[in-house]
Amino acid sequence: MKPTATLHYLFDPLCGWCYGASSGIAALARHPDIDVHPWATGLFAGHGARSMKSFAAQAWAHDQRIAALSGQPFTETYRREVLGAADATLDSTVATLAITAVAETAPDRVIEALAAIQAARYVDGKDVTSPEVVANVLADLGLRDAAARIPEPGAALLDLVRTRTAEARSLMAAFDMQGVPALIAEVNGARRGLDASTLYSGPDAVLASLELA
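Residue numbers for the sequence shown follow the numbering used here, beginning at -11 and rising by one.
Treat the hints with care, as some may be off.
Said to hold, decoys possible - Simulated restraints, written as ranges between beta carbons of each label pair:
| # | residue 1 | residue 2 | range |
| --- | --- | --- | --- |
| 1 | 197 | 57 | 14 to 22 Å |
| 2 | 64 | 14 | 18 to 26 Å |
| 3 | 167 | 39 | 18 to 26 Å |
| 4 | 36 | 181 | 15 to 23 Å |
| 5 | 143 | 63 | 36 to 44 Å |
| 6 | 151 | 192 | 32 to 40 Å |
The hints are simulated quantities; they were obtained by calculation from the structure and are not laboratory data.
Built from N, CA and C at the ideal position, the CB exists for glycine as well.
Model the full structure from these sequences, guided by the hints.
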């Protein structure tokens, strides 16, 4: 049976608020009447990357607020190994590349791959700015075709990253959305923005807004 609603989910893999929304998104992706389309926006990729040194303490404070709202864990290992690393950067370039590679090779597993990358960072304290680390995360999921492309991405994959990032940003601009996570619902050909903050307490509010509760 064809899903009755399409949900465009805009995110950055290294966005803590997006990690907080991950359980809600996973539940929506499992719903038989919803087709979730994930879009990485490149918010912290390329020119959007930044050093963690100047705002690690501020990031941890935000993380605690996200944890309280969503129930998602931010471990001491993450605090020590990621936020506390001397050369730590907030750079989603590699993770965005990985998400795009999965979108091309196993499109029905993008949400799963995103959750695994997020858990590697926020729970296991791994450096997901490293191509080797991210490739191993994908390989552990059995996504070997995508994993093989991470260490030395070809021109076609890099072009696809640029194309999908541009499409994601165009979607955000069309609905005047300033940050992520963001949600755009498409039902019967009509699109409208939704309140993504409801994701922190689960999928029920989104389902109600789509009249699928």
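These are the hints, each one checked on the structure:
At about 19 Å, the CB distance of residue 197 to residue 57 agrees with the hint of 14 to 22 Å. Between residue 64 and residue 14 the beta carbon distance is about 25 Å. The supplied range of 18 to 26 Å therefore holds. At roughly 20 Å, the beta carbons of residue 167 and residue 39 sit within the given window of 18 to 26 Å. Between residue 36 and residue 181 the beta carbons are some 22 Å apart, a value that agrees with the proposed interval 15 to 23 Å.
Between residue 143 and residue 63 the beta carbons are some 38 Å apart, a value that agrees with the proposed interval 36 to 44 Å. In this structure, residue 151 and residue 192 meet the distance hint of 32 to 40 Å, their C-beta atoms being roughly 34 Å apart.
When the structure is compared with the earlier hints, no violation turns up for any of them.
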